Amino acid sequence: DDDDDDDAESDEDVDVQADKEDVGGEDQIVDDTSEDDADGASEDDSNDDVAGADAAFEHEDAYYRPSSGEDIYGRSVEKPAAESTGKYISPGKRKRMESQARLQALGDDGSKGTRAETLLELRKRVKGAFNRCSEDTLTPTLRICHELISGAQFSKTDAIDALIDGVLNACTSRTRMLKGVVPVFAAIAAGLHALHGPRWTGSLLEKLLVSFEGLIEESRQAPSVAEDDGDAEKDSPTKAAGNLVLLLGCLFSLNAASAGLVFDIVRRLLGQEPLQLAAAAASVRGGLEESDVEVLLLLLQRIGFDLRREDPSAMSQISRIAREKVQGTRNATSRMAFMLDTLGALEQKGKKRPKQLSMIENMDSDRMRRLKKWIG
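Just so you know, UniProt numbering puts 303 at position 303 of the sequence shown, and the rest follows in order with no gaps.
Treat the hints as calculated values from the structure; they're not laboratory data.
This one's a predicted model, so the numbers in the text were calculated from it and none came from an experiment.
Here a beta-carbon is modelled for each residue, glycine too, at the ideal position from N, C-alpha and C.
Watch out, some of these pointers could steer you wrong.
Result set (PhoX-like, lysine-lysine): computed pairs, CA atoms no more than 20 angstroms apart in a straight line [to be verified]:
1) K93 - K179
2) K95 - K179
3) K156 - K124
4) K179 - K372
Pairwise CB distance ranges, derived in the manner of DEER restraints [as the list claims (entries may be wrong)]:
5) A116 - R323: 38 to 44 angstroms
6) Q348 - S155: 24 to 30 angstroms
7) E121 - S334: 18 to 24 angstroms
8) R96 - W374: 29 to 35 angstroms
9) T139 - Q348: 21 to 27 angstroms
10) D341 - T114: 57 to 63 angstroms
11) D235 - Q348: 22 to 28 angstroms
12) S203 - E347: 19 to 25 angstroms
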């Protein structure tokens, strides 16, 4: 009996093993079928891709391709006027043309077009703030300027550049002297100097001096300034240079520019190289230009006494250089004589000042005192 039971158990084990093998065989058949289906789908996708590529190739001519001399929108691209003509272009005008060309180039694609729109919005903000700027609105105007530089909407570099351009444009008129406007914008610039330091002031003075140098060279090539010019609205680079030197003088009075920089400008107007004042007597040559005298007089009348207090010896040396320059001028004018009288009055300590100089100093001192008090 025991042998019969063992044989029965062996038969049951064989049947179970056979059932497992049958199930495994069915799974293998299912896997093979899935692989065949996947291969068929891949072949269909490849055929579709090839057909799509052929269709795109057949319709390639339907895509727009810009021609030479056109941008991607079909607009003609013109060369700047400076490249197409040999006419003299002043440095200030050339800089404006280059700025406009850069803005146009920024609009050639979507990402740069957004930057161009941002710069346009920034300049609109600056122009709007400066259009309302006056001695009574200094505080809100300065607040707007500070927010433009410190805010997250515009980059600090872009904001500083836009504000500098706004200040220089507001203070550079070629038709009249802006003796009432310039001190107000100088106060805004001095306020930003107190808030943002050399990064603002250094960029401002650099652009101011570049513009001033270009205007002085242009004025020397222009006809001489008449002593009594009846056309007060005549375009004149000398008036523009005078406005810029007045801005520099106001910045000096408001402690936003150094006396050394102002003395360099004076030496430049007298035909001397900057930082060579010690050897000035040996290097004096030639005469003076009438336009240089006009700009120099404007500066001396406004801040001459402040310059003398800052460095009396430098003022004495400049007075000596000016006398030698006038002596070397073939046809000295009444303006040159008045300049020498002004320098002589500035040299003398404790002597009575000319009435005209005293009136000008008192008028500017009252305004500068108010502006200094506002800056704090």
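Hint-by-hint comparison with the structure:
1. K93 - K179: Not OK: K93 and K179 at ~24 angstroms, beyond 20 angstroms, violated.
2. K95 - K179: 26 angstroms, violated
3. K156 - K124: 16 angstroms, holds
4. K179 - K372: With Cα atoms ~17 angstroms apart, K179 and K372 stay inside 20 angstroms; holds.
5. A116 - R323: 38 to 44 angstroms: With Cβ atoms ~54 angstroms apart, the hint is violated.
6. Q348 - S155: 24 to 30 angstroms: 52 angstroms, violated
7. E121 - S334: 18 to 24 angstroms: 51 angstroms, violated
8. R96 - W374: 29 to 35 angstroms: Between R96 and W374, where Cβ atoms are some 32 angstroms apart, the hint holds.
9. T139 - Q348: 21 to 27 angstroms: 41 angstroms, violated
10. D341 - T114: 57 to 63 angstroms: 59 angstroms, holds
11. D235 - Q348: 22 to 28 angstroms: 39 angstroms, violated
12. S203 - E347: 19 to 25 angstroms: 35 angstroms, violated
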